[in-house]
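Peer 1: Kindly generate the complete structure, drawing on both the sequences and the hints.
Chains A and B, in that order, are what the protein sequence lines are. Those letters in the first sequence? Residues 1 to 456, per the UniProt record's numbering, in order. Those letters in the second sequence? Residues 1 to 456, per the UniProt record's numbering, in order.
Quick caveat, the hints were computed from the structure, so don't treat them as lab data. Just so you know, not all the hints are guaranteed correct.
[Said to hold, decoys possible] Dumping the calculated PhoX-like pairs for lysine-lysine here, alpha-carbon to alpha-carbon at most 25 Å: (1) A:K248 x B:K390; (2) B:K390 x A:K388; (3) B:K342 x A:K388; (4) A:K342 x B:K390; (5) B:K108 x A:K248; (6) A:K431 x B:K284; (7) B:K284 x B:K76; (8) A:K42 x A:K73; (9) B:K390 x A:K108; (10) B:K108 x A:K390; (11) B:K388 x A:K342; (12) A:K248 x A:K217; (13) B:K431 x B:K217; (14) A:K390 x B:K248; (15) B:K108 x A:K431; (16) B:K342 x A:K390.
[Claimed, not checked] According to the in silico footprint, chain B covers these stretches of chain A (three or more CB under 8 Å from chain B): (17) 98 to 107; (18) 258 to 264; (19) 268 to 280; (20) 403 to 415.
The C-beta atom is built at its ideal place from N, Cα and C for all residues, glycine as well.
Number of protein chains: 2
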Amino acid sequence: MASRPNVAFIGLGAMGMGMAVHLLEDGFAVTGFDFNLMALEKLLIMGGAAAANPRECIQDASFVICMVANSAKTEKAFFADSTGAVFGLTQNAIVILCSSVAPGFPVKILGRIHQDFQRPDIQLLDCPVSGGTIRAARGMLNIMSSGPTDILNIAQPILESMGENLYEIEGGLSAANKVKLVNQHLANIHIAVSAEAMGLAATLGVNTKEFYQTVLKGPACSCMFEARVPHMLSNDWTPHSAISIFIKDMRMVTSQGILHHLPLYIASSTERLYQYAARMGYGKDHDSNLVRIFLPQTPSLVSEATTHCQSPDASRASELICHLLETVHTLAAIEALALGNKLGISTSTLTSIISNVAGVSESFKKVASQILAGDLLSGITITHTRNKLKEVITLAQMHNYPLQLTATTFNLLQKAVTYGMGGEGQAALLKLWTTSNLSTEPLHITEYDSVTPSEL
Amino acid sequence: MASRPNVAFIGLGAMGMGMAVHLLEDGFAVTGFDFNLMALEKLLIMGGAAAANPRECIQDASFVICMVANSAKTEKAFFADSTGAVFGLTQNAIVILCSSVAPGFPVKILGRIHQDFQRPDIQLLDCPVSGGTIRAARGMLNIMSSGPTDILNIAQPILESMGENLYEIEGGLSAANKVKLVNQHLANIHIAVSAEAMGLAATLGVNTKEFYQTVLKGPACSCMFEARVPHMLSNDWTPHSAISIFIKDMRMVTSQGILHHLPLYIASSTERLYQYAARMGYGKDHDSNLVRIFLPQTPSLVSEATTHCQSPDASRASELICHLLETVHTLAAIEALALGNKLGISTSTLTSIISNVAGVSESFKKVASQILAGDLLSGITITHTRNKLKEVITLAQMHNYPLQLTATTFNLLQKAVTYGMGGEGQAALLKLWTTSNLSTEPLHITEYDSVTPSEL
Chain A
1 MASRPNVAFI
11 GLGAMGMGMA
21 VHLLEDGFAV
31 TGFDFNLMAL
41 EKLLIMGGAA
51 AANPRECIQD
61 ASFVICMVAN
71 SAKTEKAFFA
81 DSTGAVFGLT
91 QNAIVILCSS
101 VAPGFPVKIL
111 GRIHQDFQRP
121 DIQLLDCPVS
131 GGTIRAARGM
141 LNIMSSGPTD
151 ILNIAQPILE
161 SMGENLYEIE
171 GGLSAANKVK
181 LVNQHLANIH
191 IAVSAEAMGL
201 AATLGVNTKE
211 FYQTVLKGPA
221 CSCMFEARVP
231 HMLSNDWTPH
241 SAISIFIKDM
251 RMVTSQGILH
261 HLPLYIASST
271 ERLYQYAARM
281 GYGKDHDSNL
291 VRIFLPQTPS
301 LVSEATTHCQ
311 SPDASRASEL
321 ICHLLETVHT
331 LAAIEALALG
341 NKLGISTSTL
351 TSIISNVAGV
361 SESFKKVASQ
371 ILAGDLLSGI
381 TITHTRNKLK
391 EVITLAQMHN
401 YPLQLTATTF
411 NLLQKAVTYG
421 MGGEGQAALL
431 KLWTTSNLST
441 EPLHITEYDS
451 VTPSEL
Chain B
1 MASRPNVAFI
11 GLGAMGMGMA
21 VHLLEDGFAV
31 TGFDFNLMAL
41 EKLLIMGGAA
51 AANPRECIQD
61 ASFVICMVAN
71 SAKTEKAFFA
81 DSTGAVFGLT
91 QNAIVILCSS
101 VAPGFPVKIL
111 GRIHQDFQRP
121 DIQLLDCPVS
131 GGTIRAARGM
141 LNIMSSGPTD
151 ILNIAQPILE
161 SMGENLYEIE
171 GGLSAANKVK
181 LVNQHLANIH
191 IAVSAEAMGL
201 AATLGVNTKE
211 FYQTVLKGPA
221 CSCMFEARVP
231 HMLSNDWTPH
241 SAISIFIKDM
251 RMVTSQGILH
261 HLPLYIASST
271 ERLYQYAARM
281 GYGKDHDSNL
291 VRIFLPQTPS
301 LVSEATTHCQ
311 SPDASRASEL
321 ICHLLETVHT
331 LAAIEALALG
341 NKLGISTSTL
351 TSIISNVAGV
361 SESFKKVASQ
371 ILAGDLLSGI
381 TITHTRNKLK
391 EVITLAQMHN
401 YPLQLTATTF
411 NLLQKAVTYG
421 MGGEGQAALL
431 KLWTTSNLST
441 EPLHITEYDS
451 VTPSEL
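Peer 2: Written out as structure tokens, the structure reads:
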């Protein structure tokens with residue numbers, strides 16, 4: 001084990017610490033750096049070494065892992081005057097960027113290292129991760145990786161130590177962060193629609209605990225629904241993952257939509273929900289607090305509703321809310337695949353990876369396989385989907401309940417129906433994003449002079 | 001003057017009282033009813049008579065004006081057991097419904113009077129009003145009217161007493177409430193986008209008072225912006241018109257969209273803003289309080305920002321926010337005209353009426369005249385509009401500011417560009433609502449096998 005290479009680990013946050021400790025357990029010599037001294041102390045206790053700044057951290061390392069919160073912090077870690085990692089990199093060091101960053105960022109940072117700092121010997125891999133803190137601590141992350149294949153091969157033992165599933169994404173450096181971006185798109189929408197659905201369930205008098213169990217067993221489920229709703233059901237707002245992080249992530253998603261001229265209707269609606277929550281003062285709270293946008297004055301309503309006895313009305317409401325989840329998930333899945341395609345990531349790649357990571361939902365699996373098979377007609381029709389969603393919208397309106405993602409989704413379905421796609425299956429909704437040609441009928445403007453102001 | 005007919009007036013609220021008093025001043029004998037005893041007392045002081053219930057109120061009246069808050073209250077006024085107006089109507093009485101109700105409602109209520117209560121002698125006019133309490137008190141309302149022409153002629157002196165502008169709308173009973181609905185669509189969106197824009201101006205450090213003056217002088221102005229922003233600038237939240245009323249009104253608008261299979265993207269976004277505001281506890285507050293969705297913790301930020309000195313950055317921000325207002329107004333105008341057309345109200349009718357009522361904006365006047373002229377190419381292009389809106393969205397994102405109506409509008413522009421309409425003028429956006437045919441290209445799904453899970 002002693003022959004294992006020295007690894008520098010910059011960024012010992014909730015995820016990074018788990019990853020670094022797992023590397024230690026697998027016999028790597030790990031030197032860490034973080035501004036948080038308690039994190040450094042913990043690493044020392046676990047058998048690692050601690051450095052005073054990134055430059056010192058990486059000076060004996062053939063591998064440098066960077067797991068800080070965002071692009072700005074990554075740049076600071078590498079390029080800060082005199083203390084930046086770039087001033088101490090060993091010859092032929094391999095940098096592994098594990099943070100989630102905008103797809104263009106890995107290329108940009110490698111360019112600076114090569115050109116601005118005259119270090120063309122340095123190699124870089126784009127390796128964003130998914131799975132959360134518990135899987136990080138267990139070495140069970142999902143790791144998406146892209147970069148030169150020979151370098152990936154050299155880094156393989158390190159990635160295998162941290163990850164349970166490793167996915168190599170073709171398409172060059174930054175392809176992995178494109179896949180990660182699509183995963184974020186979905187996971188973040190799923191968190192938001194979980195809050196929207198649970199708030200509605202509570203408002204309509206549905207037994208929320210029973211509803212949760214019902215969703216888990218059926219096609220309305222998503223990985224995020226399963227993970228986040230228990231927090232709402234038990235009033236547990238421990239800030240494992242803060243709303244402010246999601247604002248950053250969603251901005252990264254919607255910015256890519258803007259950059260590539262693709263309207264991301266559902267992501268854009270979701271971004272606003274996170275922004276509202278931050279504006280309401282919940283930026284540092286756990287993301288399941290998003291439910292407070294829908295229930296601002298009674299944040300415990302979801303847990304209180306677990307005591308409701310299900311009435312026949314409530315069981316109908318419960319069925320409709322399941323339909324709401326399924327439908328929003330389906331359109332989010334299609335929007336995500338369209339985004340992936342724009343970024344140059346194929347549907348089959350996305351399908352196989354997303355099915356195993358946080359962005360997965362039952363609807364995603366179903367509609368993605370239909371799209372892959374070119375099967376745009378089977379399953380329930382767009383008209384049927386629209387009509388059932390109309391019912392839940394009408395129900396919510398009677399309670400002045402603001403359905404955000406549902407309303408956005410409804411308008412898309414409505415548009416598809418007016419485009420004559422009502423009889424097709426849900427997978428056909430992909431045309432709403434991919435078709436680039438609107439057949440223009442002559443405008444029909446009724447002209448008759450029916451106004452006689454003041455002359456009654 | 002003594003020969004003027006007896007008028008019964010049911011519903012002496014903020015608007016109704018002004019209308020009833022003006023009828024008294026014009027020499028009509030007015031008997032009023034309201035559940036609010038203070039309102040009855042006021043009517044007595046002004047020279048009217050007071051009744052204990054609707055049945056008593058209308059028993060000597062050849063005209064019955066109903067100006068209650070909504071359909072449910074109208075039904076109660078007419079059909080309540082033993083005290084309802086229907087039990088006391090004189091022979092050939094003419095009922096004038098002035099409340100804003102769903103377009104189908106006047107026909108429904110007349111049907112009940114004729115059939116269920118066997119009073120085929122009763123006539124009904126659909127006469128919703130617009131203009132607010134001050135114009136009501138001055139007899140200067142805008143009155144939209146529909147119904148049999150001979151009955152409208154008989155009622156003319158009464159309508160002329162209450163209104164400055166009378167518009168007869170062709171298309172039978174309920175045509176007037178269709179026009180009113182389109183006016184609501186616009187006015188309510190304009191209030192919401194005023195809040196969105198002023199919140200952004202305050203957030204970006206623009207001098208809000210100067211910004212208000214700039215907007216008034218230019219193409220970004222709307223009637224509602226002019227009326228509502230002064231409340232925000234002076235922290236005056238006196239509840240002249242409550243948010244809860246707008247929720248009802250927007251529900252009426254979006255329900256018509258659902259009924260007629262027309263996606264009302266902007267109206268639907270607006271409805272959610274009013275609903276959020278109510279959920280946050282502002283339901284009974286003045287509608288300009290909507291700005292608190294955007295600035296929840298600093299409701300006086302808009303007024304505080306009046307002291308800012310304009311920096312060069314702020315003047316660029318101010319210009320972009322003007323563009324935001326203009327563009328949202330333009331797309332709202334097009335959505336409103338598309339809704340009107342679906343309801344059977346022509347563009348020329350809407351153009352001439354809306355130009356004089358609360359729903360008007362500079363953008364409405366411009367784009368409506370282009371549509372009427374069939375001129376879909378002149379003016380700034382859709383691509384240019386989109387690009388400039390992108391700038392303000394990016395700016396807002398940097399401040400985590402949740403642009404709701406702007407984001408909805410941006411996605412519509414984006415879609416139009418991908419449909420190949422980027423080089424056309426803004427009026428061409430009408431196709432997004434009217435075109436019923438999506439030319440379906442074969443779906444292009446990139447297939448390459450780039451996933452090698454776990455086998456790095």
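Peer 1: For each hint given before, does the structure comply? Return the numbers of the non-compliant ones in rising order.
Peer 2: Per hint list: 2, 5, 6, 12, 13, 15 and 17 violated.
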